[in-house]
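**Student:** Take the sequences, apply the hints, and build the full model.
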Amino acid sequence: MRRDARKLLEKLNRADFAYREFEDSFSETELWPIFAAVLGDQSVVGDDAAPQSSRGIPPIKAAAAPSKPQEPASPPNPIFGSYGMAPVRGSEKKPVDLQEFFSRFSELD
Amino acid sequence: MAVILFQSPKGGTGSTFLAAQLALHLAGRGYEVNALDCTFQNALKMHFGFMPSQPVPELDGVEGEALVAFGVKLLQAHHHFRSQAFLREAERQLDRLFDPAHIWIVDVASEDRPLLDLLTPRCALHICALLPTAASLATLNRLSETAPAMQLDRTVFVLNQLDDRQKLSRHSHSFVRDLFGDQLIATVRRDEAINEALARFEPIAKNAPTSAALQDLRFFASAVEERIGLTQAVGEANVTVPGDV
Chain W
1 MRRDARKLLE
11 KLNRADFAYR
21 EFEDSFSETE
31 LWPIFAAVLG
41 DQSVVGDDAA
51 PQSSRGIPPI
61 KAAAAPSKPQ
71 EPASPPNPIF
81 GSYGMAPVRG
91 SEKKPVDLQE
101 FFSRFSELD
Chain V
1 MAVILFQSPK
11 GGTGSTFLAA
21 QLALHLAGRG
31 YEVNALDCTF
41 QNALKMHFGF
51 MPSQPVPELD
61 GVEGEALVAF
71 GVKLLQAHHH
81 FRSQAFLREA
91 ERQLDRLFDP
101 AHIWIVDVAS
111 EDRPLLDLLT
121 PRCALHICAL
131 LPTAASLATL
141 NRLSETAPAM
151 QLDRTVFVLN
161 QLDDRQKLSR
171 HSHSFVRDLF
181 GDQLIATVRR
191 DEAINEALAR
201 FEPIAKNAPT
211 SAALQDLRFF
221 ASAVEERIGL
231 TQAVGEANVT
241 VPGDV
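First to last, the sequence lines map onto chains W and V. Numbering-wise (my numbering), the first sequence opens with residue 1 and increments by one. Numbering-wise (my numbering), the second sequence opens with residue 1 and increments by one.
Note that these hints are calculated values from the structure, not bench results. For every residue, glycine included, the Cβ atom is placed at its ideal position computed from N, Cα and C. A few of these clues could be false.
[Said to hold, decoys possible] Below, in silico cross-link-like pairs of lysine to aspartate or glutamate (DMTMM-like), each with a Cα-Cα straight-line distance of 20 Å or less:
(1) V:Lys73 <-> V:Glu192
(2) V:Lys206 <-> V:Glu226
(3) V:Lys206 <-> V:Asp216
(4) V:Lys206 <-> W:Glu10
(5) V:Lys73 <-> V:Asp99
(6) V:Lys206 <-> W:Asp16
[To be verified] Label-pair ranges, simulated between beta-carbon atoms:
(7) V:Phe40 <-> W:Met1: 31 to 41 Å
(8) V:Ala147 <-> W:Lys7: 34 to 44 Å
(9) V:Phe40 <-> W:Gln42: 30 to 40 Å
(10) V:Pro100 <-> W:Gln42: 49 to 59 Å
(11) W:Lys11 <-> V:Arg122: 19 to 29 Å
(12) W:Lys7 <-> V:Gly49: 26 to 36 Å
(13) V:Pro55 <-> W:Asp47: 47 to 57 Å
(14) V:Gly11 <-> W:Lys7: 51 to 61 Å
(15) V:Lys206 <-> W:Gln42: 42 to 52 Å
(16) W:Lys11 <-> V:Arg200: 25 to 35 Å
(17) V:Arg165 <-> W:Lys11: 40 to 50 Å
[Claimed, not checked] Chain V stretches covered by chain W per the calculated footprint, using a threshold of three residues with CB under 8 Å from any CB of chain W:
(18) 135-142
(19) 147-161
**Tutor:** Structure, rendered in C-alpha cells:
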C-alpha cells in the first residue's frame, strides 16, 4: 500500500476505503451482446431462453449471439415476468422479460 | 462429511485461489480440512506457501508424508482421476476416497468434465468462479449437459476480480446478480495485493491485511458456511451436511 494511502487510512481509523460507485449516464449505457447471448441460451436459462429476434431487442452491432437461433422459439409470453428485484437471500429466481431486462440496463448505476 | 467442489468451465477465473481461501478459512474455524488438487497445474499448494517444486502427496496416501499448512492437509489426485478405471471404481466407492471426518475442498480443472460429473451429484456445493468478462460469461452454457445453469441446485457462483471502475464489470455484476439471484453467493474485488501475496508465498492477511478483497473473501467463506449449514458446527471435526457422500 502506498504511504499516503496508509496514512489516510490511519487518520480515518479505517482498514479500508469506502467503495466508490462509478455512475454511468444514460447515454453511456450499452446493451451488451454477450448478455443477450446468455439470455438466449437454453443451456443457461432453460426453456425460458429468449431468442433475440422474437423479443424486439434492437440489433446489436455485428456480434450475433452464438447460441441456437434456429431452435423453436420459446413461448411468446413474458419469459422473465417479474424481473427487476434485487436478490434477497433465499429468494427464488423469477422469470424476466428480456426487454425489461435491457431497459433496466439503461438505468444502471 | 462435506465435499465442496470448485470448478469453472472457463480457466483462469480464480477457482484454485477461492478453493484455497475457503480451505484456510474453514481450517481457521476449527474444521478438519483436506484440500485436494485434481488439476495438472498442481498450483493449489502455492496458496499455502509452498514452492512450485514441492511434491504433494497423492490421494491414495501411498507416497510421501502428509503436507499440512495452516491446518489444511494438501493432497493431489490428477493422475488418478485421469484413469477411466479409477473413475469407474471411484463412482462405486466414492465414500472410501473421501475421509468422512474431514471437509474436502476439491479443485477440478476447467476441462475435466468426467470428474465434475462424478463429483457434482455427491458434493455439498459446487462453486463456479466467474469473471466479469465476455469470455467467462460465454462459458455459462458449459456447466452441465443435463440441466440449465440456472437450475443447478448445488451450483453457486462467485464473481471474481470485480472492478467497479470498469463499465462492463459493473454491468456484468448486475447481470449475473439478476440472472442467478441467490445462486450468486459472493463477489470478490480485483486486488493486486492477492497476486503480490501469492508471489511472496504469503497469506493475503499477512501480506495485505487491509486488502479490500480480503474482506470479500471472508464474506464469501461465511456465505459458503451458511449455504451448507456449517455455521452451527464451529470447532467440531465431524460435520454432517446435505450432500454428504
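**Student:** Each hint should be assessed against the structure and marked as holding or not.
**Tutor:** Going through the hints against the structure:
1. Of the supplied pair hints, the one linking Lys73 (chain V) and Glu192 (chain V) is violated, its CA atoms being roughly 27 Å apart against a limit of 20 Å.
2. A threshold of 20 Å between alpha carbons decides the hint, and for Lys206 (chain V) with Glu226 (chain V) the separation of about 26 Å lies outside it, so the pair is violated.
3. Using a Cα cut-off of 20 Å, the hinted pair Lys206 (chain V) and Asp216 (chain V) holds, with the two alpha carbons roughly 16 Å apart.
4. Distance hint between Lys206 (chain V) and Glu10 (chain W) is fulfilled; the C-alpha atoms sit about 18 Å from each other, no more than 20 Å.
5. Taken as a hint, the Lys73 (chain V) and Asp99 (chain V) pair is honoured in the structure, with Cα atoms around 12 Å apart against an allowance of 20 Å.
6. Between Lys206 (chain V) and Asp16 (chain W) the CA atoms are separated by roughly 15 Å; this keeps the pair inside 20 Å, and the hint holds.
7. In this structure the supplied range 31 to 41 Å holds for Phe40 (chain V) paired with Met1 (chain W), their Cβ-Cβ distance being about 35 Å.
8. For Ala147 (chain V) and Lys7 (chain W), the hinted distance range of 34 to 44 Å is not satisfied, since their beta carbons lie about 52 Å from each other.
9. About 32 Å separates the C-beta atoms of Phe40 (chain V) and Gln42 (chain W), a value consistent with the hinted range of 30 to 40 Å.
10. Restraint check, Pro100 (chain V) to Gln42 (chain W): a C-beta distance of roughly 38 Å breaks the suggested window 49 to 59 Å.
11. The hinted range of 19 to 29 Å is not satisfied by Lys11 (chain W) and Arg122 (chain V), whose Cβ atoms lie roughly 52 Å apart.
12. Hint check: Lys7 (chain W) to Gly49 (chain V), Cβ distance near 30 Å, so the stated range 26 to 36 Å holds.
13. The given range of 47 to 57 Å is respected by Pro55 (chain V) and Asp47 (chain W), whose C-beta atoms sit roughly 49 Å from each other.
14. Against the hinted window of 51 to 61 Å, the Cβ-Cβ separation of Gly11 (chain V) and Lys7 (chain W) comes to about 40 Å, which falls outside the hint.
15. Distance hint check for Lys206 (chain V) and Gln42 (chain W): the Cβ-Cβ separation is about 46 Å, which falls inside the suggested range of 42 to 52 Å.
16. Taking the beta carbon of each, Lys11 (chain W) and Arg200 (chain V) are about 27 Å apart, inside 25 to 35 Å as hinted.
17. At about 24 Å, the CB distance of Arg165 (chain V) to Lys11 (chain W) disagrees with the hint of 40 to 50 Å.
18. Given as covered by chain W, the segment 135-142 of chain V passes the check, having 5 residues with a CB less than 8 Å from a CB of that chain where 3 are the minimum.
19. Residue count for the segment 147-161 of chain V with a Cβ under 8 Å from a Cβ of chain W: 5. That meets the three needed, and the coverage hint holds.
Hint compliance for this structure: hints 1, 2, 8, 10, 11, 14 and 17 are broken, all remaining hints hold.
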